[in-house]
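Student: Residues per chain, in single letters:
There are 2 protein chains.
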Amino acid sequence: MIQVSEALSIVLSHRPVIVTEEIPLIQAIGRVLAEPVLADRDFPPFDRVTMDGIALAFTEGLPAPIAGEVLLIESTQYAGEKPHQLTLAANAIEVMTGAVLPIGTHAVLRYEDLDVTERDGQRWAALRISPESGQNIHRRGEDRRAGNLLLPVGTRLSPAEIAVAASVGRATLRVQTNPRVAVISTGDELVAVQETPQPYQIRRSNGPMLVAALAQAGLNAEEFHLTDNRAELKNHLHDLLGKYDVLLLSGGVSAGKKDFVPDVLAELGVEKHLHQIAQRPGKPFWFGTKSGGGAAVFALPGNPVSTFLCYQKYVVPFLKTGKNQPERRAILTETVTFKPNLTYFVPVATQLDEQGRLLARPLRGSGSGDFANLLDCDGFLELPAGPDEFVAGEAFGYLGFRV
Amino acid sequence: MIQVSEALSIVLSHRPVIVTEEIPLIQAIGRVLAEPVLADRDFPPFDRVTMDGIALAFTEGLPAPIAGEVLLIESTQYAGEKPHQLTLAANAIEVMTGAVLPIGTHAVLRYEDLDVTERDGQRWAALRISPESGQNIHRRGEDRRAGNLLLPVGTRLSPAEIAVAASVGRATLRVQTNPRVAVISTGDELVAVQETPQPYQIRRSNGPMLVAALAQAGLNAEEFHLTDNRAELKNHLHDLLGKYDVLLLSGGVSAGKKDFVPDVLAELGVEKHLHQIAQRPGKPFWFGTKSGGGAAVFALPGNPVSTFLCYQKYVVPFLKTGKNQPERRAILTETVTFKPNLTYFVPVATQLDEQGRLLARPLRGSGSGDFANLLDCDGFLELPAGPDEFVAGEAFGYLGFRV
Numbered sequence: 128m129i130q131v132s133e134a135l136s137i138v139l140s141h142r143p144v145i146v147t148e149e150i151p152l153i154q155a156i157g158r159v160l161a162e163p164v165l166a167d168r169d170f171p172p173f174d175r176v177t178m179d180g181i182a183l184a185f186t187e188g189l190p191a192p193i194a195g196e197v198l199l200i201e202s203t204q205y206a207g208e209k210p211h212q213l214t215l216a217a218n219a220i221e222v223m224t225g226a227v228l229p230i231g232t233h234a235v236l237r238y239e240d241l242d243v244t245e246r247d248g249q250r251w252a253a254l255r256i257s258p259e260s261g262q263n264i265h266r267r268g269e270d271r272r273a274g275n276l277l278l279p280v281g282t283r284l285s286p287a288e289i290a291v292a293a294s295v296g297r298a299t300l301r302v303q304t305n306p307r308v309a310v311i312s313t314g315d316e317l318v319a320v321q322e323t324p325q326p327y328q329i330r331r332s333n334g335p336m337l338v339a340a341l342a343q344a345g346l347n348a349e350e351f352h353l354t355d356n357r358a359e360l361k362n363h364l365h366d367l368l369g370k371y372d373v374l375l376l377s378g379g380v381s382a383g384k385k386d387f388v389p390d391v392l393a394e395l396g397v398e399k400h401l402h403q404i405a406q407r408p409g410k411p412f413w414f415g416t417k418s419g420g421g422a423a424v425f426a427l428p429g430n431p432v433s434t435f436l437c438y439q440k441y442v443v444p445f446l447k448t449g450k451n452q453p454e455r456r457a458i459l460t461e462t463v464t465f466k467p468n469l470t471y472f473v474p475v476a477t478q479l480d481e482q483g484r485l486l487a488r489p490l491r492g493s494g495s496g497d498f499a500n501l502l503d504c505d506g507f508l509e510l511p512a513g514p515d516e517f518v519a520g521e522a523f524g525y526l527g528f529r530v
Numbered sequence: 128m129i130q131v132s133e134a135l136s137i138v139l140s141h142r143p144v145i146v147t148e149e150i151p152l153i154q155a156i157g158r159v160l161a162e163p164v165l166a167d168r169d170f171p172p173f174d175r176v177t178m179d180g181i182a183l184a185f186t187e188g189l190p191a192p193i194a195g196e197v198l199l200i201e202s203t204q205y206a207g208e209k210p211h212q213l214t215l216a217a218n219a220i221e222v223m224t225g226a227v228l229p230i231g232t233h234a235v236l237r238y239e240d241l242d243v244t245e246r247d248g249q250r251w252a253a254l255r256i257s258p259e260s261g262q263n264i265h266r267r268g269e270d271r272r273a274g275n276l277l278l279p280v281g282t283r284l285s286p287a288e289i290a291v292a293a294s295v296g297r298a299t300l301r302v303q304t305n306p307r308v309a310v311i312s313t314g315d316e317l318v319a320v321q322e323t324p325q326p327y328q329i330r331r332s333n334g335p336m337l338v339a340a341l342a343q344a345g346l347n348a349e350e351f352h353l354t355d356n357r358a359e360l361k362n363h364l365h366d367l368l369g370k371y372d373v374l375l376l377s378g379g380v381s382a383g384k385k386d387f388v389p390d391v392l393a394e395l396g397v398e399k400h401l402h403q404i405a406q407r408p409g410k411p412f413w414f415g416t417k418s419g420g421g422a423a424v425f426a427l428p429g430n431p432v433s434t435f436l437c438y439q440k441y442v443v444p445f446l447k448t449g450k451n452q453p454e455r456r457a458i459l460t461e462t463v464t465f466k467p468n469l470t471y472f473v474p475v476a477t478q479l480d481e482q483g484r485l486l487a488r489p490l491r492g493s494g495s496g497d498f499a500n501l502l503d504c505d506g507f508l509e510l511p512a513g514p515d516e517f518v519a520g521e522a523f524g525y526l527g528f529r530v
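As given, the protein sequences belong to chains A and B, one line each in that order. As numbered in this note's numbering, residues 128 to 530 make up the first sequence, in order. As numbered in this note's numbering, residues 128 to 530 make up the second sequence, in order.
Chain A with its partners taken away, still in its complex shape (with noise of 0.2 Å):
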């Protein structure tokens, strides 16, 4: 059996050849940049007042300003006017946050170190404090220049991207394409959600349960049913390796007699990669490509708390391209014995210490049927094959899905 690092590997190795397009701004929120974003002019394009006040001038070979003095006030520069020109170097040039600083003037201060009054129908700026040359200026290009790099082609689109996107003018944005996908359950004993199932008869919740954790990464999936009818599956399943870049089956993929799902991917021209992974819960996990860059295949295990993890351990880092955050550790509040030489990805309840530290308490349930159990759980520690005990303290990997 393949070990669930080595399984992740060749999941990851078999990602489709990125495909792009140019997208409104807007709609990039958590996209992938497919395309570098440069500097159009400084950051800022021009010397910027950075407090509301007055500037005022430092000439070489005059005295400079000092607390106590008065100065007249020769206008107001607005933001968003067109530079004001100090006509003489002892006056001022009342200002505004975000106004481009006066010609002719060298520092800002602020409204808190003036006393400002009006007199003859003039207005006068009496001086608190000694300004200093430079004060309160955010400088033209001090943060970045008009060229530089903002933001690599990789970069996963957060807030702050989309701000800085578009002050630099672009109102659209080449970003990865994001793949279709198809989200198909499988299984004679399921019925959909709005029927009434026989008492020997469940109710389909892998299907929604994925539709609903694509739509949370950003995804748009639709959702497909399909009976243990082989002939059935194969035709239904060609259409969809014909129309969709991502199939998502759940069920029959185990050792039962109508489990169908590998012999006709197979006979579909679905290359299989892997198939039983060395973990709990989870084993029966398949993964395969159509040959010539088609459809990646992830045929995940029917039990739901299974389809969930696998889901949120081989099918999210696949579709999350791109630079992304680093994984999360957690650490292991009881110790967990576990005999299986199997990774054991335990279901645990979260919990944020003084420090910062994901408290993480295992979660008895009753295996991989027992979905209800997720609800109190928020997420899995990933407990490695080998070691038959795992003590209280450990970190380990983990995966949460909760937000």
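Calculated directly from the structure, the hints in this document are not laboratory data. You can trust all of the hints, since none of them are fake.
Identical copies go unnamed one by one, so any copy, or any two together, can satisfy a pair.
Taking lysine to aspartate or glutamate pairs in the DMTMM-like style, the calculated list, with each CA pair at most 20 Å apart, reads:
no., residue 1, residue 2
1, K466, D515
2, K399, E133
3, K466, D240
Using the hints provided, position chain B relative to the given structure of chain A.
Tutor: Coordinates of chain B only, in the frame set by chain A:
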């Protein structure tokens, strides 16, 4: 000036009355549940076979089946079929995972523990091990009982809750209605993203940033821009106050001569609850509500870093009702000196250590105007007002914005 924690309490105390709506299950991901969801039947709803193999009987008065015995297979019980009936206690019924346990059987033995052979048109299973009564059966009602509360009111719906709601037949769910949000930037220095600014102008970035951040939180917001014209501001805000539940303004709340926002809001009957917080950046933040349960108005400072920080600190918790994940903490990796008696939200780049602790490296920038700095930053560390020095190794509240 108001302290940060008090400001947050004031903001949260003015959350609007909760309105609810019924929406399709698939669309409910990330929403907050407004009705309890109960189990409509037992979980599992029947004695459920958990392995592919054979089901056999443990009958009182008869010896228990043991390793080496060979049992006649009477029939095959598939998932989704009505339960078969074992006719003779010494025989067995082949069973598939997910099937109901056949009537008259009491344990399931896996294929791995059997040798199945065919003879005279009949199939026989030789037991490699001695089965135990109850083995590989997930008992009816073992996880939850019909009528049990599965999802309480106030639950934020993750994929796990969607799966459980599906399984109890909830094709729709009553959830909290999303507020209608308007994002309004102000400032005469601002031009649209697609325009070429004059040397003394800049492009609007707060609008796209906030709309993108809201979209990521599952909220569709509309974007507006108003100039610093008092009459225009008043007219438009009057309109918007009638049409939206939440207004997010940026700019126009400082001491500048065109900072009309607070006055205009007062004239429009928006009651001020706070203005100016003892924090950096974001000191000029203003918050009020229209009397009579009307719109909530967040007037955020216009500098992009201030806007974004105030959005994260005040607007996100206001909008994120229901039970949420606990706030994160991160550990300062370098000592920071900060003299003013203000809460200092320092931009940080984060990294996880082996224990899963978030390490936060403070980024030196040019202040609230330097929003290119946000690109290197993953969030803000909240260093409380009071101390002048924050020592490396201490943990503080962390506001992250990357997912």
